[in-house]
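S.K.: In the UniProt record's numbering, the protein residues as written are 1 to 322.
Keep in mind that the hints were calculated from the coordinates and are not lab data.
Among these hints, one or two may not hold up.
[As the list claims (entries may be wrong)] Simulated restraints on C-beta separations: (1) Ala300 / Thr17: 47 to 55 Å; (2) Thr150 / Gln105: 22 to 30 Å; (3) Pro288 / Gln42: 48 to 56 Å; (4) Lys165 / Asp306: 40 to 48 Å; (5) Glu178 / Asn59: 49 to 57 Å; (6) Glu311 / Lys155: 19 to 27 Å; (7) Ser112 / Glu43: 34 to 42 Å; (8) Gln42 / Ser112: 45 to 53 Å; (9) Asp277 / Glu311: 34 to 42 Å.
[To be verified] For lysine-lysine, the following DSSO-like pairs were computed, each having C-alpha atoms within a straight-line distance of at most 30 Å: (10) Lys62 / Lys149; (11) Lys231 / Lys279; (12) Lys180 / Lys155; (13) Lys165 / Lys207; (14) Lys122 / Lys180; (15) Lys155 / Lys12; (16) Lys165 / Lys39.
All C-beta atoms in this analysis are idealised placements derived from N, C-alpha and C, irrespective of residue type, glycine included.
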Amino acid sequence: MSYLETTKDVYKQAALTPDVGLCCTTNPIWELPGLKIPKIMQEMNYGCGSTVHARDLVNNPKTLYVGVGGGMELLQFAYFSRQKNAVVGIDVVDEMLEASRKNFQEAEEMNSWFKSEFVDLKKGDALNLPVEDNSIDVAAQNCLFNIFKTEELKKAIAEMYRVLKPHGRLVMSDPICEQKMNDTLRNDERLRALCLSGSLPLNEYVKMLTDAGFGTIEIRAKKPYRILDPKNYPTEELIYIESIEVAAIKDPMPEDGPCIFTGKAAIYYGAEDFFDDKKGHILLKNQPLAVCDKTAAALASLNREDIFISESTYHYDGGGCC
Numbered sequence: 001m002s003y004l005e006t007t008k009d010v011y012k013q014a015a016l017t018p019d020v021g022l023c024c025t026t027n028p029i030w031e032l033p034g035l036k037i038p039k040i041m042q043e044m045n046y047g048c049g050s051t052v053h054a055r056d057l058v059n060n061p062k063t064l065y066v067g068v069g070g071g072m073e074l075l076q077f078a079y080f081s082r083q084k085n086a087v088v089g090i091d092v093v094d095e096m097l098e099a100s101r102k103n104f105q106e107a108e109e110m111n112s113w114f115k116s117e118f119v120d121l122k123k124g125d126a127l128n129l130p131v132e133d134n135s136i137d138v139a140a141q142n143c144l145f146n147i148f149k150t151e152e153l154k155k156a157i158a159e160m161y162r163v164l165k166p167h168g169r170l171v172m173s174d175p176i177c178e179q180k181m182n183d184t185l186r187n188d189e190r191l192r193a194l195c196l197s198g199s200l201p202l203n204e205y206v207k208m209l210t211d212a213g214f215g216t217i218e219i220r221a222k223k224p225y226r227i228l229d230p231k232n233y234p235t236e237e238l239i240y241i242e243s244i245e246v247a248a249i250k251d252p253m254p255e256d257g258p259c260i261f262t263g264k265a266a267i268y269y270g271a272e273d274f275f276d277d278k279k280g281h282i283l284l285k286n287q288p289l290a291v292c293d294k295t296a297a298a299l300a301s302l303n304r305e306d307i308f309i310s311e312s313t314y315h316y317d318g319g320g321c322c
């Protein structure tokens, strides 16, 4: 059985018998006015973070979500659009699609604003999305892409890039690992199906996105996820895994390379009221400005004694300059 077939079987069973411990379900649930999330959706929240960010969801965006789970994030996306078929949910597992449909009926009873027709559920493959080119404002996936091996991962990212409109956003939450997991884990396709095997180091993860053409990358959060230890997993050493929330934006690729925000900030503390590098970056005195890694390096290369560049915090919430 191939790892993709194993994955499909794992999530078929998770649809038929919800498994709270399947992935990571300890993330805080959105608390929004008038939004009530059915308990079953929370139990079927098979993700490792959140892909729902209010600043991505202005002006009634057309949203695509791949790997529907119990429908929780689809419901949250629908909260911001509230139009027929405004949210498209794609899944290859029939049982998961059916479970989501049932969960949406419960969500309708709990939320006066919600109608199941807001979400268009379709059977489809992340590697061949049944969606037109340049038709989506926000695309998202949670704890899905990291199960893919390299060639499939490249194709899945390319598919997301294809369906996004110019300046559209691909929002993702995935486990990452700075260790080479494939070198330390003995072959176990079920581990890959459980989003544990094959996790990429952050720099490789980002490079996959920029190689696909995304000109801006935002590292929005990075946090502890879990430990793989020799007593409980087929590994010969302790492996620490983090989860990461990332937005890849379909901006044109700058001539000098992508803009990658990892939570760096620049602070000017000189004698003048501000510093202007004549390249579009104005630093007000003692006011931190979020900058991409490329701009941070350029400012640091000036060797000024009155500009401080912070380390990467791996937390970025917009408002930056590139």
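S.K.: Work down the list of hints and note, for each, if the structure agrees.
M.R.: A quick look at each hint next to the structure:
no. : hint                        : verdict
1   : Ala300 / Thr17: 47 to 55 Å  : holds (53 Å)
2   : Thr150 / Gln105: 22 to 30 Å : violated (40 Å)
3   : Pro288 / Gln42: 48 to 56 Å  : violated (36 Å)
4   : Lys165 / Asp306: 40 to 48 Å : holds (42 Å)
5   : Glu178 / Asn59: 49 to 57 Å  : violated (38 Å)
6   : Glu311 / Lys155: 19 to 27 Å : violated (35 Å)
7   : Ser112 / Glu43: 34 to 42 Å  : violated (23 Å)
8   : Gln42 / Ser112: 45 to 53 Å  : violated (20 Å)
9   : Asp277 / Glu311: 34 to 42 Å : violated (20 Å)
10  : Lys62 / Lys149              : holds (29 Å)
11  : Lys231 / Lys279             : violated (54 Å)
12  : Lys180 / Lys155             : holds (22 Å)
13  : Lys165 / Lys207             : holds (21 Å)
14  : Lys122 / Lys180             : violated (35 Å)
15  : Lys155 / Lys12              : holds (23 Å)
16  : Lys165 / Lys39              : violated (34 Å)
Checked against the numbered hints listed earlier, the structure breaks hints 2, 3, 5, 6, 7, 8, 9, 11, 14, 16; every other hint is satisfied.
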